[in-house]
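*Asks:* In order, the protein sequences belong to chains A and B. Here my numbering is used: the first residue of the first sequence is 1, the next is one more, and so on. Here my numbering is used: the first residue of the second sequence is 1, the next is one more, and so on.
The set of hints was computed from the structure by calculation and includes no laboratory data. Don't take every hint at face value.
Because identical chains cannot be distinguished in the list, a pair is counted as satisfied if it fits within a single copy or across any two copies.
In silico BS3-like cross-links for lysine-lysine, where the CA-CA straight-line distance does not exceed 30 Å [to be verified]:
(1) K68 x K221
(2) K68 x K144
(3) K143 x K201
(4) K250 x K273
(5) K74 x K219
(6) K68 x K143
(7) K24 x K221
(8) K68 x K168
(9) K4 x K221
(10) K68 x K217
(11) K168 x K74
(12) K273 x K24
(13) K201 x K5
(14) K75 x K217
(15) K144 x K75
(16) K217 x K228
(17) K168 x K273
(18) K5 x K168
(19) K78 x K250
(20) K250 x K24
(21) K74 x K144
(22) K4 x K78
(23) K4 x K168
Number of protein chains: 2
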Amino acid sequence: MIDKKEIAATYQQIQDEICSGLEKADGAEHFEEELWSREGGGGGRTRILQEGNVIERGGVNFSAVYGKLPENIKKAFKVDENDFFATGVSIVIHPGNPWVPIIHMNIRYFELNEETRWFGGGIDLTPHYVVPEDAVFFHQYLKKICDEFSPAFYQRFKDWADDYFFIKHRNETRGIGGIFYDRLQPEGTGLDYEHIFDFSKALGRSFLPIYTELIAKSKDKVFTAQHKEWQYLRRSRYVEFNLVYDSGTKFGLETNGRIESILMSLPPQARWKYNYQTPRDSEEERTLSWLKKGVDWVGIS
Amino acid sequence: MIDKKEIAATYQQIQDEICSGLEKADGAEHFEEELWSREGGGGGRTRILQEGNVIERGGVNFSAVYGKLPENIKKAFKVDENDFFATGVSIVIHPGNPWVPIIHMNIRYFELNEETRWFGGGIDLTPHYVVPEDAVFFHQYLKKICDEFSPAFYQRFKDWADDYFFIKHRNETRGIGGIFYDRLQPEGTGLDYEHIFDFSKALGRSFLPIYTELIAKSKDKVFTAQHKEWQYLRRSRYVEFNLVYDSGTKFGLETNGRIESILMSLPPQARWKYNYQTPRDSEEERTLSWLKKGVDWVGIS
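Start from the sequences and build out the full structure, keeping to the hints where you can.
*Replies:* In structure tokens, the structure reads:
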């Protein structure tokens with residue numbers, strides 16, 4: 001039997017592992033921690049690393065909150081329970097070097113009662129410049145993890161990520177996708193809660209090997225002012241997605257969550273240029289051409 | 001009798017007046033125009049001035065669109081009509097000098113049929129640094145215009161602006177407010193449509209004298225890198241308001257409006273700093289202390 005306390009403790013452990021791994025990869029700065037508690041019950045550990053060697057700003061947050069479920073959430077979730085428990089780890093890293101991609105990862109568990117509980121999560125990559133071999137590496141890694149649990153997971157969760165991480169008003173995906181899932185329960189997966197929890201842990205523990213590999217590959221790659229400018233433009237799309245569409249952000253803003261922890265996902269700096277057009281045959285243009293749903297990164301390789 | 005064609009033509013005229021006045025005030029750059037048409041009917045003239053002497057980026061947009069009303073809008077407006085007509089002028093100016101405030105102005109007219117039509121609009125000021133005497137000047141000017149039409153307008157529309165231009169998740173107003181009104185009709189105002197239209201024109205024509213005065217006063221004021229940094233931080237709040245709360249932006253994104261015209265309201269550059277705290281007794285701290293509802297700028301003077 002899985003237990004919410006055990007899940008929260010494991011997630012905290014994963015937060016610790018990731019922070020120490022990222023500090024090593026950054027090589028200069030350390031995470032600063034803020035403990036916060038929530039009026040209605042529970043709290044969290046927000047950890048932010050700023051102006052490091054590799055990481056311009058990154059947040060690795062853990063929270064475990066409980067209490068009364070707000071009426072609007074009850075409606076949205078179509079449930080009639082009053083008490084909830086939710087725990088998770090949430091990460092967004094904005095690297096300084098435009099050749100290193102932005103990464104986001106989230107694993108979470110939500111419980112109303114013995115019958116109504118589920119896991120959710122996802123990981124997605126937003127390269128400022130899409131490097132196909134990195135995208136293939138990323139998706140192959142995710143497929144390998146998924147396949148250990150169910151042959152159906154990768155394709156299902158990859159499509160889900162394509163749909164979820166989509167900036168509708170720009171008609172472009174946020175990046176090259178990844179996997180996304182929500183309300184994962186024994187019904188519909190053929191797995192018991194133990195194994196779904198194992199999947200959640202496996203995803204959480206895939207973050208470091210994936211991202212440290214991508215960092216190592218590109219952190220010393222030379223970039224120009226023009227590359228940096230493009231990075232700022234791409235970051236503005238990240239802002240648009242997070243403020244307009246991201247459900248986690250919306251949920252946080254609507255439930256009076258800790259604002260600075262929620263909005264740590266926003267980049268340190270962003271630019272908007274009116275009607276910007278990428279030059280023909282440029283790397284920027286090629287990047288945009290990859291930002292669409294349904295690219296079969298595993299099949300391409 | 002007012003007529004939608006006459007209203008649209010007058011709004012176009014106001015766009016012309018404002019653009020030429022702003023070019024004169026900027027002294028360097030000119031507006032570039034893009035004409036666009038909407039699939040369902042109508043179109044607009046988007047005019048953007050970038051990297052001028054005074055204006056880092058400003059947009060002065062006119063549109064007149066018509067067609068079938070989308071189902072979700074019908075529901076939101078609680079109407080059963082199928083055809084709509086909407087026209088307006090929409091302005092956001094982001095100045096380069098942090099001592100010059102960001103300004104926004106909008107006048108608009110919406111028509112479903114002879115019985116169901118209304119005017120809306122507003123103007124609000126977002127100083128990077130709140131200078132009380134400028135705020136008093138701004139509000140006094142608005143009160144004078146309002147008073148010419150109804151003794152009730154200023155207070156009612158000032159309170160409305162305080163409520164509307166509010167960043168709930170930050171618990172701060174976007175700036176020092178101004179006036180905001182919607183669905184203005186003879187019922188509830190004691191004015192006929194002609195006079196409500198006159199009010200709309202008067203507001204539109206208040207933009208230039210107000211903003212050129214504020215530009216003239218502060219455009220040559222010296223600023224430091226620290227002032228500029230603060231400007232970027234304040235601009236990120238402007239981004240948060242526009243993407244999370246602004247109804248015009250939401251309406252535009254949901255109805256597949258012309259994205260670049262809608263998002264011209266976003267600043268050219270913005271910064272987010274994790275958990276930034278203003279220094280004690282600083283101008284930044286004083287500015288924040290003014291960003292609340294209910295400040296009686298006219299009574300203060």
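*Asks:* State for each hint whether it applies.
*Replies:* Taking the hints in turn, this is what the structure says about them:
1. In this assembly of identical chains, the alpha carbons of K68 and K221 never lie at most 30 Å apart, being 49 Å within a copy and 52 Å across copies at closest.
2. For the homomeric pair K68 and K144, neither the shortest alpha-carbon distance inside one copy (38 Å) nor that between copies (49 Å) is at most 30 Å.
3. In this assembly of identical chains, K143 and K201 lie within 30 Å of each other by CA distance solely inside one copy; the values are 15 Å within and 61 Å between copies.
4. For the identical chains of this complex, K250 and K273 are neighbours both inside a copy (26 Å) and across copies (20 Å), given an alpha-carbon limit of 30 Å.
5. For the homomeric pair K74 and K219, neither the shortest alpha-carbon distance inside one copy (45 Å) nor that between copies (52 Å) is at most 30 Å.
6. Taking identical chains as interchangeable, the C-alpha atoms of K68 and K143 are never at most 30 Å apart, the minima being 37 Å within one chain and 45 Å between chains.
7. In this homomeric assembly, K24 and K221 come within 30 Å of each other (Cα to Cα) only inside a single copy, at 19 Å, whereas the closest approach across copies is 46 Å.
8. In the homo-oligomer, the alpha carbons of K68 and K168 lie at most 30 Å apart only across protomers (22 Å), although the nearest pairing inside one protomer, at 33 Å, exceeds that limit.
9. Taking the shortest Cα distances, K4 and K221 never come within 30 Å of each other, neither inside one copy (43 Å) nor across copies (58 Å).
10. In this homomeric assembly, K68 and K217 never come within 30 Å of each other (Cα to Cα): the closest approach is 46 Å inside a single copy and 53 Å across copies.
11. In this assembly of identical chains, the alpha carbons of K168 and K74 lie at most 30 Å apart whether taken from the same copy (27 Å) or from different copies (22 Å).
12. When the C-alpha separation of K273 and K24 is checked against a cutoff of 30 Å, the pair qualifies only between copies, where the shortest distance is 23 Å, while the shortest distance within a copy is 36 Å.
13. For the homomeric pair K201 and K5, the shortest alpha-carbon distance inside one copy (15 Å) is at most 30 Å, but the shortest distance between copies (63 Å) is not.
14. In this assembly of identical chains, K75 and K217 lie within 30 Å of each other by CA distance neither inside one copy nor across copies; the values are 46 Å within and 52 Å between.
15. For the homomeric pair K144 and K75, neither the shortest alpha-carbon distance inside one copy (37 Å) nor that between copies (46 Å) is at most 30 Å.
16. In this assembly of identical chains, the alpha carbons of K217 and K228 lie at most 30 Å apart only when taken from the same copy (18 Å versus 35 Å across copies).
17. For a Cα distance limit of 30 Å, the shortest separation of K168 from K273 qualifies both inside one copy, at 19 Å, and across copies, at 27 Å.
18. Proximity of K5 to K168 under the C-alpha cut-off of 30 Å is found in neither arrangement, the shortest distances being 38 Å within a copy and 33 Å between copies.
19. Proximity of K78 to K250 under the C-alpha cut-off of 30 Å is found in both arrangements, the shortest distances being 18 Å within a copy and 25 Å between copies.
20. For the homomeric pair K250 and K24, neither the shortest alpha-carbon distance inside one copy (33 Å) nor that between copies (42 Å) is at most 30 Å.
21. Taking the shortest alpha-carbon separations for K74 and K144, neither the intra-copy value of 36 Å nor the inter-copy value of 48 Å comes in at or below 30 Å.
22. Within a single copy, K4 and K78 get their C-alpha atoms as close as 22 Å, which meets the 30 Å cut-off; across copies the closest is 45 Å, which misses it.
23. Taking the shortest Cα distances, K4 and K168 never come within 30 Å of each other, neither inside one copy (36 Å) nor across copies (32 Å).
This entry does not satisfy hints 1, 2, 5, 6, 9, 10, 14, 15, 18, 20, 21 and 23, going by the numbered hints stated previously.
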